[in-house]
Amino acid sequence: MSNKKYAPKRASGYLPLLAIFVLFVIFLYGPMITIFILSFQGTDGGLTFPLRGISLHWFGKLAEGLGVVDIAAALKRSLLLGLVVMLITVAFSVLAGLAFRKKLCGGNALFYVTVASLIMPSIIVSLGIGLQFRLLDNGMKYVLEAFGATSMLESFGTSLGMFTSALGAHLTWTLPFGLLIMFAVFNRFNRAYEEAAADLGATPWQTFRFVVFPLIAPSVVGIGMFGFTLSWDEIARTSQAIGDVNTLPLELQGLTTTVTNPAIYALGTLTTLVSFVVMGVTIAAAMWLARKRK
Amino acid sequence: MDETNTTVDTTLADQKRRTLLKGTAGILAAGMFPAIHAQEKIVLRYLGTAVNQDKAIAEKFKADTGIEIQYVAVTTDDVTKRAVTAPNSFDLIDTEYFSLKKIVPTGNLKGIDTKRIKNSGKITSLFTTGEVAGKKVGDQGTAPKKVIYLEGEKSKVFAKSPTQFMSLIPTVYNADTLGIRPDLIKRPIDSWAELLNPEFKGKAAILNIPSIGIMDAAMVVEAKGIYKYPDKGNMTKKEIDLTIKTLIEAKKAGQFRALWKDFNESVNLMASGEVVIQSMWSPAVTAVRTKGIACTFQPLKEGYRAWAAGFGVPKTVTGKKADGVYEFINWFLDGWAGAYLNRQGYYSAVLETAKSKMEAYEWAYWMEGKPATQDIKSPNGDVLAKTGATRDGGSYETRMGGIACWNALMDENEYMVKKWNEFVAA
Amino acid sequence: MNQKPLSISANWQATPYALVFLLLFLIPLALILMVSFWNFNDYEIIPAFTLRNYIAIFDGCGSLNEYGDVCVTFKTYFATLRMSFLVWLVTLLLGFSVAYFLAFHVRSANVQTLLFVLCTIPFWTSNVIRMISWIPLLGRNGLVNQALVGAGVVDKPIEWLLFSEFSVVLAFVHLFTMFMIVPIFNSMMRIDRSLLEAANDAGASAWQTLWNVIVPLSRTGVIIGSIFVITMVMGDFVTVGVMGGQQIASVGKIIQVQTSALQLPLAAANAVILLLVALMIIWGLTRLVDIRREL
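Chains as they are written, first to last, in our numbering: chain A, 1 to 294; chain B, 1001 to 1426; chain C, 2001 to 2295.
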């Protein structure tokens, strides 16, 4: 590598690194490209190559609905759960991140609990949460029985659910990522800013709102995206903790036990296109807002 | 006498207190949850694998009765797991008979009262006595007749002879064998032994659900003449060791391209040509075939490994919901659903009612093993067989009569799973 | 502001986070720990203290078996550790390069965000679907093999592209490199650019700057990324199962098989051991670099 003079505009190794990055992106998109091509599989084609003609047949099949699975409803559920998980993950991990910058009693224990939650095989966590809520159910039933509320007893199914156990299960998965990324964000974060703000008479809230937050905002957005993506795709932790309705990935997993045609790829292509559009609109809006503010 | 009196007294007092409490709780409950009282519509949560959860069935049932079916589709493993760990999360379970040995002793299911099931007397003899057309079929493993009756509604014990209470009301069943790609193998296959034939090195696959996979392996061991099991469905530790050893040696020699766990994996392995011979399920063979790829569900001289699934009712279901569940089961056995399943290549529990809802030519193709007199279509209109074709394995009687063993849960299950893990790690 | 009220508010700030873990992780974990010491039969867990689950795991580990191998448990842990190490190494090198590129070569914050989004989008197609698509990509008749055969690089399709240790590592790298990039990138963004100029002015070569300035200053990110990758690989069973053709052993896979067979106490005991082993690795890593010291 040439030892050329350090140019503040370009660090060295631009071209090889650009090449690595481009290859990496292609690699990331590899399975997606396959999905994309195969979703246009001909009417007689299957989930694998060769392509037997090109058609929009499987998108049509998708529009008709895939077997028993109400994809739209599951998608809505997963989206909602993902958004809630995202918001809580951002809020709780930023708060906890701030806390870790100060003297925090039990901080060491909390850190290892966080790491343990990452390590523990998801299926075990899921079973544990399932077990816990079953004990809770029994408790509830016992109480209801004691009060003789038969009609309630009959209609009371379980306390397992999307926004109880499943939300909890997702949080034990997303929060560790949130917190540890906050560690990276606050790593050597210059305290001088906060001290200066405090010296100028800012309240802790003002300091956070007007000094710290703008500095960490992009990373916070990143944590939100992480939280959403992790929740969106989560299967193992949800499996025993979801109760009676399924999230999208669980429905899809169930679906793959019957649907073995490219309609499933059509679904993949469609969700990807939708995410592109959503992201495009969001970024355009953000840029427009930023420009307007200027 | 004295003692009886006191008991009566306490019961009375107890009742009074209860009524009082009920009143209070009722008011409280009504105040807190007014919606629940207003709600009359019944929704049944149906837990099972997606294979059996057909939208058409739920729609037809709703049209007929107004009761809604909410499908909860999970993998085979998860059905049993949820039945054991979360019995509150469903109102109706569709599970395999061999899993009963795990579920029934937990007391999470209650016996289904056959007096409330109109067609219970017409359920095929394969389930009740283990006979097809008056002939006994193989009963190694967890044959349904061993676990279908319970001693009582709340019993956790299987009854040795028929009783009023059934653990599961059968829905679908079939007999599994090897699936092959005749276009890539190019010679006749007639024995389970071929699965481990070095000719197919790197092109064979086996099912990675230990309790089922080991049965397939046992069929191979017997076919190769290595050993004859007294009961493949209930091996001794020594027999397990021997079976796993055979598998490990094959694996080390590179026999297996992959092991499969889900339906779609087996379809993809076969359709993509990664694998040319593997243990398979009949709808998976159909799925490969609808893609225009040659695939045969090959009858073998050693016979089939059979499985059966049925409806169970969790003990937590009472009142109106329980009525709804019984209504569904009765409706299911009434013929429409049976015909629907038969057209997919499964077999239904009450043949007589299903026959009345099928065309004569369909019945002849699917059940009597006769050549199709016109194109055979699946319920959603795909052509499954052209005129003149016959079904793999022939008629119901030849096929079901050829059962060698049933999917099973062994007494030495724990040891078996441990050894299976050794096979996977080898 | 004095130290005391600060700490109190710190405790309050950490409370929601801690509560989630107390209620939804520690209690289930305690249940699991308890269950790991319970007996079981085919259908139920028997609440009676026993060590049999732990004994069963290490059964036969004192000697070699008939094939001259160590026992399954050791073999599996060894395989899992090796896999973790390989994946860690690849994701670290790749992740570091990409993070470096994004942090030092892409200077506009907007473009950085855009590129991050570009890297995230593939993960919004459900993993269930993506997993299926590896077969047509890497299989015998897959895209890659077709391209290789077509280009005359090989004369018949390469078998080990799929259902092998290679494909497992590849899929892990695919899934987890982002988890390495994000923390390293964040660490790099905190590096004062004037330090780099100073190093350059002092005559340091690009390599020297990299090794002596950038690497040490992004070590927190490296450690955090390593924690992510190592823990996820060690607990995984889905990727190993699908990509390894269900033929490659990992601790997660064994636990999954055991839970499927409803041998929960055995699975629980295995999970406890896995937790201890992995915690030891992480503890070792944080000994190397205390990621909380420079907060």
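Treat the hints as calculated values from the structure; they're not laboratory data. Any given hint could turn out to be false.
As the list claims (entries may be wrong) - Pulled a few chain C residues facing chain A out of the computed Cβ check, cut under 10 angstroms:
{"hint": "1", "residue": "L2115"}
{"hint": "2", "residue": "S2126"}
{"hint": "3", "residue": "N2186"}
Stated by the list, open to error - Derived DSS-like pairs: lysine-lysine, alpha-carbon spacing no greater than 25 angstroms straight-line:
{"hint": "4", "chain 1": "B", "residue 1": "K1357", "chain 2": "B", "residue 2": "K1386"}
{"hint": "5", "chain 1": "B", "residue 1": "K1154", "chain 2": "A", "residue 2": "K141"}
{"hint": "6", "chain 1": "A", "residue 1": "K76", "chain 2": "B", "residue 2": "K1160"}
{"hint": "7", "chain 1": "B", "residue 1": "K1237", "chain 2": "A", "residue 2": "K76"}
{"hint": "8", "chain 1": "A", "residue 1": "K61", "chain 2": "B", "residue 2": "K1055"}
{"hint": "9", "chain 1": "C", "residue 1": "K2075", "chain 2": "B", "residue 2": "K1237"}
{"hint": "10", "chain 1": "B", "residue 1": "K1203", "chain 2": "C", "residue 2": "K2156"}
Claimed, not checked - The following label-pair restraints were derived from C-beta to C-beta distances:
{"hint": "11", "chain 1": "B", "residue 1": "G1319", "chain 2": "A", "residue 2": "L83", "range": "32 to 38 angstroms"}
{"hint": "12", "chain 1": "B", "residue 1": "D1113", "chain 2": "A", "residue 2": "V143", "range": "39 to 45 angstroms"}
{"hint": "13", "chain 1": "C", "residue 1": "L2195", "chain 2": "A", "residue 2": "G42", "range": "32 to 38 angstroms"}
{"hint": "14", "chain 1": "A", "residue 1": "G65", "chain 2": "C", "residue 2": "V2111", "range": "38 to 44 angstroms"}
{"hint": "15", "chain 1": "B", "residue 1": "V1383", "chain 2": "A", "residue 2": "P50", "range": "20 to 26 angstroms"}
{"hint": "16", "chain 1": "C", "residue 1": "Q2146", "chain 2": "A", "residue 2": "R209", "range": "33 to 39 angstroms"}
{"hint": "17", "chain 1": "C", "residue 1": "N2212", "chain 2": "A", "residue 2": "G53", "range": "55 to 61 angstroms"}
{"hint": "18", "chain 1": "A", "residue 1": "L75", "chain 2": "C", "residue 2": "P2047", "range": "40 to 46 angstroms"}
{"hint": "19", "chain 1": "C", "residue 1": "S2194", "chain 2": "A", "residue 2": "L83", "range": "28 to 34 angstroms"}
These figures come from a predicted structure and were not determined experimentally. By construction, the Cβ of each residue, glycine as well, lies at the ideal position given by its N, Cα and C atoms.
ask   = Among the hints numbered above, which are violated by the structure, and what are their numbers in rising order?
value = Hints 6, 7, 12, 13, 16 and 19 not satisfied by this model.
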